[in-house]
Structure formats: C-alpha cells, structure tokens
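*Asks:* FYI, in mature numbering (1 follows the signal peptide of the UniProt record, and there is no 0) the residues of the sequence shown are -23 to -1, 1 to 276.
If you are wondering where the hints come from, they were derived from the structure by calculation, not from laboratory data.
Wrong hints could be hidden among the right ones.
Beta-carbon label-pair distances, calculated as ranges [claimed, not checked]:
#1 Asp234 <-> Asp92: 19 to 27 angstroms
#2 Asn91 <-> Thr111: 35 to 43 angstroms
#3 Ser78 <-> Val(-4): 39 to 47 angstroms
#4 Ser54 <-> Arg251: 33 to 41 angstroms
#5 Pro74 <-> Ala121: 28 to 36 angstroms
#6 Asp234 <-> Gly31: 31 to 39 angstroms
#7 Ala242 <-> Asp112: 23 to 31 angstroms
#8 Gly4 <-> Pro127: 21 to 29 angstroms
#9 Trp235 <-> Gly185: 18 to 26 angstroms
#10 Asn162 <-> Ala242: 30 to 38 angstroms
#11 Pro2 <-> Pro220: 35 to 43 angstroms
#12 Asp16 <-> Gln93: 12 to 20 angstroms
By construction, the Cβ of each residue, glycine as well, lies at the ideal position given by its N, Cα and C atoms.
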Amino acid sequence: PTKQKCGLFCWLLQPLSVAVCGSAPLGSSRGPRIVGGQDAAAGAWPWQVSLHQGGHFCGGSLISHQWVLSAAHCFPSTVTANLMVYLGRLTQQSSNPNEESRRVSRVITHPDYNDQTKDNDVALLQLQEAVTFTDYIRPVCLAAAGSDFPAGQSSWITGWGDVRFQGPLPFPQTLQEAEIPVVSNSQCSTSYDSITSNMICAGLTEGGRDTCQGDSGGPMVSNDGTRWVQSGIVSFGFECARPGYPGVYARVSRYQDWISKQLGADPLGFVTFRGSPSAAPHWAAGSVLPALCCLLVLF
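Could you put the whole structure together from the sequences, leaning on the hints where they help?
*Replies:* Have a look at this one:
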C-alpha cells in the first residue's frame, strides 16, 4: 500500500519526536518486585499502550506520533475492525484521566514471521489519527542496529497480563512493572531449542519475575543514563516465571531497516545502546532440558 503522506506536518514533528523519545518526566517508584511485579505509577512508562478488541488482549509501545510497535502473534488477522489502542492508560477497570484512544487504520506484520518458531515476531500498527505527546503519552527510543545488551543488563518489563500462570491481574488491573536481567542467547538456548539472533532473552535463574499471558507485544526497556531504550518485544516463554526458563523477546535492533521503511516520513528515535551488566542477578548455568512442546505464546 501507498505510504501516507503528511507533508509539512510530519516535517514539523520530526525534531520533537526524536527529542522526547525515551523520557518519562513523571518517573516511577520502581521497586524490586506482570509475575513478581508491582503497580506502576501514572506516567511512569508513557509509551506503554493497551490493545483492545472487545477487551485488552496485548500490549505495545508508542514509537512515534502515529505508530505503535507490537508482536506479530497478537494479530492472526490484520483486520482492524473494532481494534482500539489506549495510550496514557494506568488501569483497565477504573478511570484514566490522562488517557487517549485511537482506532487503527493498518496492521503490518513482519513478512518473515514464523508462527511455529516465533522468529520475527514483530508488528506495526498505524493509528488513524496522530497523538499529541504529553507527560503521560510519549514514544520510547528504539535500539538501533549494533546495540549491545549484554548478559546481566538491567531491563524493565511492563504490562497488564496475568500475575501468575492462568492467574489474572486483580481489580483495578493496574499496569505492572518489574526489573529483570538479560540472559545471553547461548544460555537461553539451553532452555529453548528455537532461539535465533532475532531474539533476546531475560529473566531470573530462580524464576519469580516474568511476562505472562496478556503482556505480549509490550516493551522490554533499559536505561542508558538519560533515556529509555526498547530492546525487546514480549514474544513467548514456558508458562510464566518458571525457574530455568527466561522470557523470550523479539530483538528490536534487528528491525531498524524494516521499521524505518514502513514508517517512511513519520519520525522516530533509534539509539545505539551500549550496555554493561548491572548489579541485577545474573542467570546461572544449569541443566535445563529445552522446552520443545510446551511453549506459551504470551497472548
């Protein structure tokens, strides 16, 4: 399809989009304890969005005035009827005074997405109307090609998914946040047999913190000292927060060219992230049989 042309409007928005990406002016409590998570503060993660089609079904991240990044497996069909995006939302079951909603004009899933292995589990949603950035609604920066998220890199996950395997988030269903370290792909491959260079893994050896059903498509982010950069898109895992099984995410830095091509003139901020392992617990090597038949797509 022909890319939407917005001329002078998009040109004027470009410096603003790049300048504000990854900033969260309202901050967060960000305590140590999604599964194993805690309630987020209003505006703590202003790029987090909730996707609805009769109710919340997946997460996503705002990456520009008119585009949202999510997971391909959230969209077995790209029909946009009744598909809504909620931005600036904190809870699913009470009022959200800082919220905006938008209909979706187009869903683009990665052409090489593999439903069996979940490779290239990436999707883009174009909003029917551009959103205005506020303290509660802002884009996240995206990890550019060549970014490095080493094992042990502190990362944060957010979402409205289950708080345990088949255990829904209780009323009022407040956005959850949790900190987890990156796990190397080589170590992750001892738990799963389908890990590729298009994926990034994260979690605790002992389990207890993880994304779960309903978190799919949401962001995993790290802070470079000045801004938040998205390293991953919630993709799949074995149940939720199981010891020995980290969560698996689509590696954002592998998709810079594809994302940029789809967005065309709509600006966004790619940032080269050079991480270093933090004091967060590292993944300890162990004897874990690869999960061959029981992978849970975190839909």
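*Asks:* CB of Pro74 to CB of Ala121, is that within 28 to 36 angstroms?
*Replies:* Taking Cβ atoms as reference, Pro74 and Ala121 lie about 35 angstroms apart, which means the hint holds.
*Asks:* Go ahead and decide if the range 19 to 27 angstroms is satisfied by the Cβ distance of Asp234 to Asp92.
*Replies:* Given range 19 to 27 angstroms: holds, Cβ gap about 23 angstroms.
*Asks:* Taking the Cβ atom of Pro2 and the Cβ atom of Pro220, is their distance within the range 35 to 43 angstroms?
*Replies:* 37 angstroms, holds
*Asks:* Should the hint that Asp234 and Gly31 are 31 to 39 angstroms apart at their CB atoms be regarded as holding?
*Replies:* Between Asp234 and Gly31, where Cβ atoms are some 34 angstroms apart, the hint holds.
*Asks:* Between Ser54 and Arg251, does the beta-carbon spacing fit 33 to 41 angstroms?
*Replies:* 39 angstroms, holds
*Asks:* Verify the CB-CB distance for Asn91 and Thr111 against the hinted window 35 to 43 angstroms.
*Replies:* 38 angstroms, holds
*Asks:* Would you say the C-beta atoms of Asp16 and Gln93 sit inside 12 to 20 angstroms of each other?
*Replies:* Given range 12 to 20 angstroms: violated, Cβ gap about 36 angstroms.
*Asks:* Per the hint of 18 to 26 angstroms, is the separation of the Cβ atoms of Trp235 and Gly185 within bounds?
*Replies:* Check failed, 34 angstroms falls outside 18 to 26 angstroms.
*Asks:* Go ahead and decide if the range 21 to 29 angstroms is satisfied by the Cβ distance of Gly4 to Pro127.
*Replies:* 26 angstroms, holds
*Asks:* Using the beta carbons of Asn162 and Ala242, state whether their distance is inside 30 to 38 angstroms or not.
*Replies:* 34 angstroms, holds
*Asks:* So does Ser78 sit 39 to 47 angstroms from Val(-4), Cβ to Cβ?
*Replies:* 21 angstroms, violated
*Asks:* Tell me if the beta carbons of Ala242 and Asp112 are separated by a distance inside 23 to 31 angstroms.
*Replies:* 26 angstroms, holds
Taken one by one, the earlier hints fail for this structure at numbers 3, 9, 12, listed in ascending order.
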